[in-house]
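Residue strings, one per chain:
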Amino acid sequence: MNSLFWTQISAIVRIEMKKTFFAKRGLWIYLLALAPVALFFTHSMVEIHEHGARRQMVQKSARQLTERDLFSIGIGMSREDVIARLGEPPVSRTRNRRMRTGRHSSIIVPTEIMSYSDGNNELVLAVQNGAVTGIQKASGISLGQDSYVFAGVFQFFFLRLAIFFGCLGIFMNLFRGEMLDKSLHFYLLTPVRREILMIGKYLAGLLAATVIFSTSTALQFIALLLQFDAAVIAQYMDQNHGLAQMAAYLGVTVLACIGYGSIFLAAGLLFRNPIVPAAAVLIWEAANPVLPALLKKFSIIYYLKSLCPFEITLDPGMPPLFALLASNPEPISRYIAIFGLLAVSILVLLAASKRVRRLEINYSAD
Amino acid sequence: MSDRIVFDNVSKFYGDVLGVNRVNLSIPPGITSLVGPNGSGKTTLMNLMTGLIRPSRGHVSILGLTPDQPEQLFHLVGYSTQYDSFPKGLTGYQCVSSYLRLYGFDRAQSEQLTWAAIDRVGLRDAAHRKAAGYSKGMRQRIRLAQSLAHNPRVLVLDEPLNGLDPLVRAETIALFRALAKGGCHVILSSHVLHEVDIISDQVILMSAGYVAAEGNIQSVRSEIEDHPMQILIRCDRPGELASRFFAEDHVVEVRLHNDRRGLLVKTKAPDRFYLLMNRIALDGFAVESVAPCDDDVNSVYEYLIGAEEPTR
Ligand SMILES: Nc1ncnc2c1ncn2[C@@H]1O[C@H](COP(=O)(O)OP(=O)(O)OP(=O)(O)O)[C@@H](O)[C@H]1O
Ligand SMILES: [Mg+2]
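Chains as they are written, first to last, in this note's numbering: chain Y, 1 to 366; chain Z, 1 to 312.
These aren't lab readings, by the way, just hints derived from the structure by calculation. Do not take every clue at face value.
[As the list claims (entries may be wrong)] With a straight-line cut-off of 30 Å between C-alpha atoms, the simulated BS3-like cross-links for lysine-lysine are:
1) Y:K18 / Y:K182
2) Y:K296 / Y:K354
3) Y:K18 / Y:K354
4) Z:K268 / Y:K182
5) Y:K182 / Z:K181
6) Z:K136 / Z:K266
7) Z:K136 / Y:K182
8) Y:K24 / Y:K137
9) Y:K24 / Z:K88
10) Y:K354 / Y:K182
11) Z:K268 / Z:K181
12) Z:K136 / Z:K88
13) Y:K297 / Y:K354
14) Z:K130 / Y:K24
15) Z:K88 / Z:K130
16) Y:K18 / Z:K136
17) Z:K130 / Z:K181
18) Z:K136 / Y:K24
19) Y:K18 / Z:K88
20) Z:K268 / Y:K354
21) Y:K60 / Y:K137
22) Z:K130 / Y:K18
[Stated by the list, open to error] FRET-style restraints, in silico, Cβ to Cβ:
23) Y:K354 / Z:V252: 56 to 62 Å
24) Z:A108 / Y:V232: 38 to 44 Å
25) Z:A108 / Y:A35: 44 to 50 Å
26) Z:N38 / Y:L270: 29 to 35 Å
27) Z:R4 / Y:L270: 48 to 54 Å
28) Z:D3 / Y:Y363: 28 to 34 Å
Just so it is clear, CB atoms sit at the ideal spot from N, CA and C, and this is done for glycine as well.
This is chain Z alone, in the form it adopts within the complex (with noise of 0.2 Å):
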């Protein structure tokens, strides 16, 4: 059986909109990442991948597995997907548990498998609540959960990091890494490269539908080293908090936002910079959320893919 997974010269359109056109990729184990900006076709590759939709051209194989063979292929791929809805009225548990009885498990076995992928993903207190009631944060916990609890080789993760706060971001990443360490798979998508540079073994840059590069994150990295990045904080005091990040030397500015209801601050050291939010989340800050500019992040594709802006 082969350990990659394998697109072969894959096209996809939806109608007359080009999703992806002509994709060559082999991924190997490992942390995986695949970023564009919105609308690049991350969404497009991951749906190939497990077979939610099917290829205009080119073929698809999973470890050696074709996607329209769900019945062989799900039992090594879980996908926890960006479509932010779960089934009328079952309860986080009953979202996980429910689907594992497909798998053939019997119930003693997915009530065990159940509670260990919600243990993994820390929302053992609220297991027992409507889905569709959890918060933004949980909502994308209960899916990570769903996609890992039958313990799948290959786990597929659209935007998995968005939405959790800095510490649960941490506690994930990690787990990511664990999985990895592992032998698994773990493909991830993400619009913003900082976010996952640190943690990916190698990285897939999308742009427009077209693979834009591929390939070993150190040489990627190195590139953006001196390109700063600029972030967006939402705080209750940002000029408590301005005052903490001068005190940096990654941080190479630090504004106020207009409205005052926000902190705008360029660091060089991304990775660092995000250690330190984990930090000052613990530090009694009510931060309400942490997002790179969107001109900035597309300027990084600029400077990495040496193309215009994507126009979308």
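This is chain Y alone, in the form it adopts within the complex (with noise of 0.2 Å):
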């Protein structure tokens, strides 16, 4: 019995992989999920092209500098102050700026534009009349600034968003697509029980999501390292578990598409259009930490957050949207996490089966 089981379940995913995969319809599920890889690469590049450039101004440059001697610069300090520690500019332009006199007057003033660089980060300088009067530092390429980036963009995009809606387009259409199609009949019409029915669907919908979705994560990280050095990247993965990190990443998505995708297969059992689950389920999810204890626990973003390797620091010039959204006030074990979120989905599919079981078709109505 059991082997029959696994012989169903195992032809519904292959009948439904096709769908999951190549749907003309979910083309938007890969875009999304390619947003931040592209997002991460583009960096990257930007970075790469930036570094060989400051390169280069090291090679131009009259002296080795450091980070040190590049702070030491302020404003007011004369032209001959700043080539006495500095060196000669490797690069170093003249523009006109017209400086404001008066109301209605003003006069031309020949500005120098003198960049430095220790390699990494970059100083560029003003100078008007033998004296700086502005100055603009960038700082170079930080492995430790770039992961806090990649941890936001992971917990506000990519969980909340892309995730989200990815694992709703997918999850929802699986019955909800072939009752549109009209094309459920063919299996409600074989000797498969409805709930083994719906675990073969789950399950091909599961593979969609995690292998899209995994593979984005992984491709993240690959895009957002590229632009450091092998040396650089042996060294985080050595002192701060870069893999580690990787993996946990991971395997938050992995839950992630686990938790969303049963609830939007109980949501397609249930609704017909799919705005109304989605914003539901939304609002419910943003509003998790302003929820009573009880509650939250209902909810798949609350096991995650406590997840993800990096809380998000609160910081005071956040969107109050955004706090809200990051406050994880009470972060739990990472196994409770894991466990709940496994029960609420277990919870979500059982209830989705009693549904499945009194599924009637119903083509016709709108």
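Reconstruct the complex from the two isolated chains, following the hints.
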């Protein structure tokens, strides 16, 4: 009997896979998943380009500079002083700047723009009439900072929007899509228990969602690391548990697919219009931090938040909505979080299986 | 195990809309036809039989099984629905074979069963084309193949003759007969009594959600005998065809249709008429469609059921 169930489930997964992976309707899911990869890739490319420019500057510069040298320059310092400290600038150009002197009058002041670099950071000085009038510092790349950015993009965009809507697209269509296509009866007329059908479809959806989104997570990591030397990466992997972080992100990605997948599978059995459940779940998940303790536990993000390798620190300048979303007043232990999320998903699937047993074909109603 | 399909006081409401009401039936093996005009509840009965919908009241039992045990029921039952849609992107062959795997057949078995079913409906040449691109009649036939591929004992077929040309229709009817002879239940629906009466062991006449009459075809048949049936034929050379019909003694009246691209024929012996149509198709007439005129169908019902025309 059990082996028949597995045969049936694998047959369903095989039939469904074509639809979950290759549906034209689902193209946007790939775009959504690839968006952060493109973002990090562009970021790395820009950094690599700038890094090259700075290295050239170092080669051309009169003397080997350190970060401290760069930071020792202040407004008002004379040009001679700057040259004494940093040497002749490797890159310099002169621009005429119009300066206002009164209501209707202005004069043109020649301004020298001087750039220095220590190979990583860049210092740009504006010198007028022999003295420094403007300073701009661009700090170089740092993996620590970038992994912080990664954490933000992951939590705010990837988890809450990309995976959320991706799962909505994949899982809500498992039953609803076939109801709309008028092809669900092909399944309902085979000797398959409705629960088995549901599990088969869920697994097919899960396969697609995890493959798409884990690939995206891994690619995002790779895209972000592209800009660093092998040595920096090795050090990061070694000292900051880079691999463990990557594994944690992948794990959170898979768990998010499990959780949101179960919710949207159930929603697809209950609703014809995807907007209603999408909005309801989105709001419910966003409101999680302000819900009473018991209700909090009936959500997916509650558990995912505690599993993300980085806590987003609340910064007073943050827009209040982000601050609310990011706040995690009571982090829970990893095992409880994993267990809790799986428990919620199973509960939702159990409820869905009650519903699928009573499911009726109704193609005509809109 | 019972050999009956039993409806025990079954009603189905779609919200406020009546599907069928207080249906009591006990259907033995053989060919049983559900006949009734559009909206009379034929599809509703068939969907109830196969668990696609659930009764609002009452019980359905198929050879002792209830429809909410699909894991057992569908080893015995095959259903060709009236829904003219297929899973996206599947060929005719895949439509049959991929679902056969769900019965527990291995690859070789399902391949063999699939070809057997496809041969039974004569679609071998088109088997590897996309089902969605099939003609109406071919779609009808691949659905039939799908419903009988696993050799069920109960075949439920919603308007299975719809859209078939006269030759294929004759072959398909022969197939139903063979199945019934082998002890199967063949339940089919039609809104044309004449289309199915000659092949049915019993008919169930549906009207507005009720079973209006039920029984042995002989008795029902003799009632209609001298009630001529009007049929509209669409073809390329109606004039020539008209002269062929005049020669037949069962044809009471032949008229050219107003648009001159069709022919209205009144016949007292529909079975002989349909046989004649088969021969005509072989003689090179391009027959586009053969359909009983709707008002005429209703008048047959009126006559049979003794009620006013179904108002739907
Ligand atoms: N899903 C549905 N929702 C609401 N009403 C429905 C639904 N399906 C059927 N009905 C109604 O139930 C009644 C019986 O419909 P049914 O489809 O069983 O008729 P039928 O005899 O198969 O007709 P046809 O010859 O057109 O196929 C009709 O009045 C129809 O409008
Ligand atoms: Mg119908």
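Against the structure, the hints come out as follows:
no.	hint	result
1	Y:K18 / Y:K182	17 Å, holds
2	Y:K296 / Y:K354	24 Å, holds
3	Y:K18 / Y:K354	27 Å, holds
4	Z:K268 / Y:K182	40 Å, violated
5	Y:K182 / Z:K181	33 Å, violated
6	Z:K136 / Z:K266	27 Å, holds
7	Z:K136 / Y:K182	16 Å, holds
8	Y:K24 / Y:K137	48 Å, violated
9	Y:K24 / Z:K88	11 Å, holds
10	Y:K354 / Y:K182	22 Å, holds
11	Z:K268 / Z:K181	28 Å, holds
12	Z:K136 / Z:K88	17 Å, holds
13	Y:K297 / Y:K354	22 Å, holds
14	Z:K130 / Y:K24	17 Å, holds
15	Z:K88 / Z:K130	9 Å, holds
16	Y:K18 / Z:K136	26 Å, holds
17	Z:K130 / Z:K181	33 Å, violated
18	Z:K136 / Y:K24	26 Å, holds
19	Y:K18 / Z:K88	9 Å, holds
20	Z:K268 / Y:K354	55 Å, violated
21	Y:K60 / Y:K137	19 Å, holds
22	Z:K130 / Y:K18	15 Å, holds
23	Y:K354 / Z:V252: 56 to 62 Å	60 Å, holds
24	Z:A108 / Y:V232: 38 to 44 Å	57 Å, violated
25	Z:A108 / Y:A35: 44 to 50 Å	45 Å, holds
26	Z:N38 / Y:L270: 29 to 35 Å	31 Å, holds
27	Z:R4 / Y:L270: 48 to 54 Å	37 Å, violated
28	Z:D3 / Y:Y363: 28 to 34 Å	32 Å, holds
Checked against the numbered hints above, the structure breaks hints 4, 5, 8, 17, 20, 24 and 27 and satisfies the rest.
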